[in-house]
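Participant: Same order as they appear, the protein sequences are chains A and P. Read left to right, the first sequence gives residues 1 to 307 (full-length UniProt numbering). Read left to right, the second sequence gives residues 1 to 307 (full-length UniProt numbering).
In short, the hints are calculated from the structure, not lab data. By construction, the Cβ of each residue, glycine as well, lies at the ideal position given by its N, Cα and C atoms. Mixed in with the good hints, there may be bad ones.
[Said to hold, decoys possible] If you want the footprint, here are the derived chain P segments under chain A, 3+ residues with CB under 8 Å:
| no. | stretch |
| --- | --- |
| 1 | 31-44 |
| 2 | 117-131 |
| 3 | 139-147 |
| 4 | 154-163 |
| 5 | 166-179 |
Number of protein chains: 2
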Amino acid sequence: MDFAAQLPAYRVRAEQGLDRLVPAATTRPARLHEAMRYALLGGGKRLRPILTLATADLFARAGAPEAQISNFKSEIADALPAAVAIECLHTYSLVHDDLPCMDDDDLRRGRPTTHRQFDEATALLAGDALLTLAFQLVGQHYAATPALCAALTREIADAAGSEKLIGGQMEDLLAEQKADATAADLEFIHLNKTAAMLTVCLVAGGLCGGATPAQLDRLRTAGRHLGLAFQIVDDILDATADTATLGKTAGKDAQAGKTTYVKLHGLETSRQLAREHTDAALAALALLPGDKTFLTALVGSLTGRTS
Amino acid sequence: MDFAAQLPAYRVRAEQGLDRLVPAATTRPARLHEAMRYALLGGGKRLRPILTLATADLFARAGAPEAQISNFKSEIADALPAAVAIECLHTYSLVHDDLPCMDDDDLRRGRPTTHRQFDEATALLAGDALLTLAFQLVGQHYAATPALCAALTREIADAAGSEKLIGGQMEDLLAEQKADATAADLEFIHLNKTAAMLTVCLVAGGLCGGATPAQLDRLRTAGRHLGLAFQIVDDILDATADTATLGKTAGKDAQAGKTTYVKLHGLETSRQLAREHTDAALAALALLPGDKTFLTALVGSLTGRTS
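Hey, can you work out the whole structure from these sequences and the hints?
Facilitator: Structure (C-alpha cells):
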C-alpha cells in the first residue's frame, strides 16, 4: 500500500478510536460531553494520533529484534488509546487557546470555536475534561501492562506540562507583549509548544510497540527535529503563500509583528534550517527497525511544503 | 500524640511536600510557575493531602496483615507525592472556578484570586499546569512501583474526570440556571464534585500503604459518606451560622436561590442526614486495620460542626 492509500487508512483508525473511546454525548452531564465531542470530532488532520499509530506499527512489523537480542523486557499493547489520549491533549490546548482571555478566536477549522458554539464556562470545563480524559484513557486501557501504563503517564504528562506544552504557550503569550523576542526565545517556544507534543507521539508509539531505551532516544531526536522543521515551514508559508493556498489568512504573523523564523533569519536561511531539521529527523528514523516508508513519506509531506 | 498535635504535624508534612515537589518559581516560564505556587501555597486546610497521608499511615502502622495472609501482592511507597498530586488537582479546580466565566470571584482565603493577582490567561494556564502536574508527580515518583503508579493514575484521573469532579461542577452550573433542581440533582453534584475527590484521597492513601481490594472498597464507602456529610454540614452552616463564625458571608446560598439540603429537606432532616452519613463513614473506617484514632477524630471534626 502506498502513502496516498495508507494515510487515509490511518486517519480512519484514529477517527474510529476517538469516537469509541470518548464518552457518548448522552453521558451525564450531556452538555459537557457534547462540548468535548464537538471540539474533538470536528475534523482535523489527526497528525498526532497517526504518528503514534505508525510508530507503533514500525516496531510490531519489525518483530522488535533488538528487544529480543538484549535482556530488555518490555510490555507491548495496542497504541490506539495512547494515540487518542494525545489527540485529547492537543484538542484541549486548542479549546483553551481559543478562549477570549487567550487568542479570542471565533472560528476553528471553519466552525465556531467551542466557547462560541456553547459558552465560555462550558468550553473551559470541556478543555479541562479532555486534558483529564487523556490520563483516564492511559490509566484504563493499559491496566494489564502496568510498566507501560506508568511510562506513558510519565512521558505524556511531562510533554503536556508547565515546562513543555503549557510553558511554550505561556512564553508565546509573553513574547507577543515584547518587541525584541530573540532566536533563543523562539526556539524555547517551538521546542516546547510544538516539538514536545510531536515527540511524545513518536515516543508513545515506540513504548506501545516495545521500543528499547536506545530506540526511544532516536525517536526523541526525530521528534525534536520534526517539530522544529514543522514550525519553520509554518512560518515560511505564512510569509510566502497566498490566503487561498493556505486556507487561512496569510501574512498574519508579520501583521501582528510576531517574531518568526523568517523575520529573524530571512527566507533563505529559514528554508535551509527547515531542510537541515528535516534531514536530521529522517536520519534518526533511518536508524530504527521495520519498514520506514510510511513514516518517511509522512515527515516529507509535513516538512517539504516549501520547495 | 493526640489529635490536636497530630493535625498540625500532618499539615506541616503536606506543606513541605507541596513546596518541595512543585517547580521553583524561577523555573522558566517564571510567571507561570509563580502563579502555580501562588495558587497552591497561599494557605488552606490541606484536608485532602492530610487524609491521604493519614490513610497510608493506617496501613503502614498495621503492617498490612491482610495483605500478608492472602496471596494479594501489592507495591507500597511514600504517599506524599500522591497527596501533593491531589492537592494540585483541588487547587486547579479552585483557580478555574474563580475565573470570570465561572464564579467570578475576586478573593480566595483573604487574598486576590489567581486571575486578579496575575491575569486571566496566566490563571487559565496555571490551572491547566496544576492539573497536568498531578499526573507528572504520579508518573515520576512512582516509577519504581509501576503497578502502584498505574493504579494511582487510574483512580486519580477518574475522580477528576468529566463524570466526577468536572461533571459535578458542570451540573452545579446548570442547576444554578434552573429553579427546580431536585434531590437527585443535588446528590449527583455533591457525590461527584465533593465526595469523589475526598474518596480518592482515602483510596490513594490506601494504595500507597498496600491496602487490599476489600480494604479499598471500605475506603470508597467511607469517602462517599464523608463527602456527603461534609457537604450537608456546609449547607447547614450556611443557613445557621453568622458571618463572623463562618469566616465568609453567611446565607449566600439562600440569597442566590441555590438548591441546598436545608432548602430541600429542612434543617432537622439535614442534621439527621449529616449524622447518618458521618456514622456510616466511621463504621466503614472501623473495619480497617491499624490505629484509627486520628482518622476517626478528623472525620468527627469535619462533620460534627453542627452540634
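Participant: Please go over all the hints and tell whether each is borne out by the structure.
Facilitator: Against the structure, the hints:
1. Using a Cβ-Cβ cut-off of 8 Å, 4 residues of the stretch 31-44 of chain P lie near chain A, which meets the minimum of three, so the contact claim holds.
2. Only residues whose beta carbon comes within less than 8 Å of a beta carbon in chain A count, and the stretch 117-131 of chain P has 10; three or more means the coverage holds.
3. Check result for the stretch 139-147 of chain P against chain A: holds, 6 residues qualifying (beta carbon to beta carbon below 8 Å, three or more required).
4. As drawn, the stretch 154-163 of chain P meets chain A at 9 residues by the rule of a beta-carbon pair under 8 Å; at three or more, the given contact holds.
5. Closer than 8 Å: that is the beta-carbon criterion, and the stretch 166-179 of chain P has 7 residues meeting it against chain A, so the requirement of 3 holds.
Of the numbered hints listed earlier, not one is contradicted by the structure.
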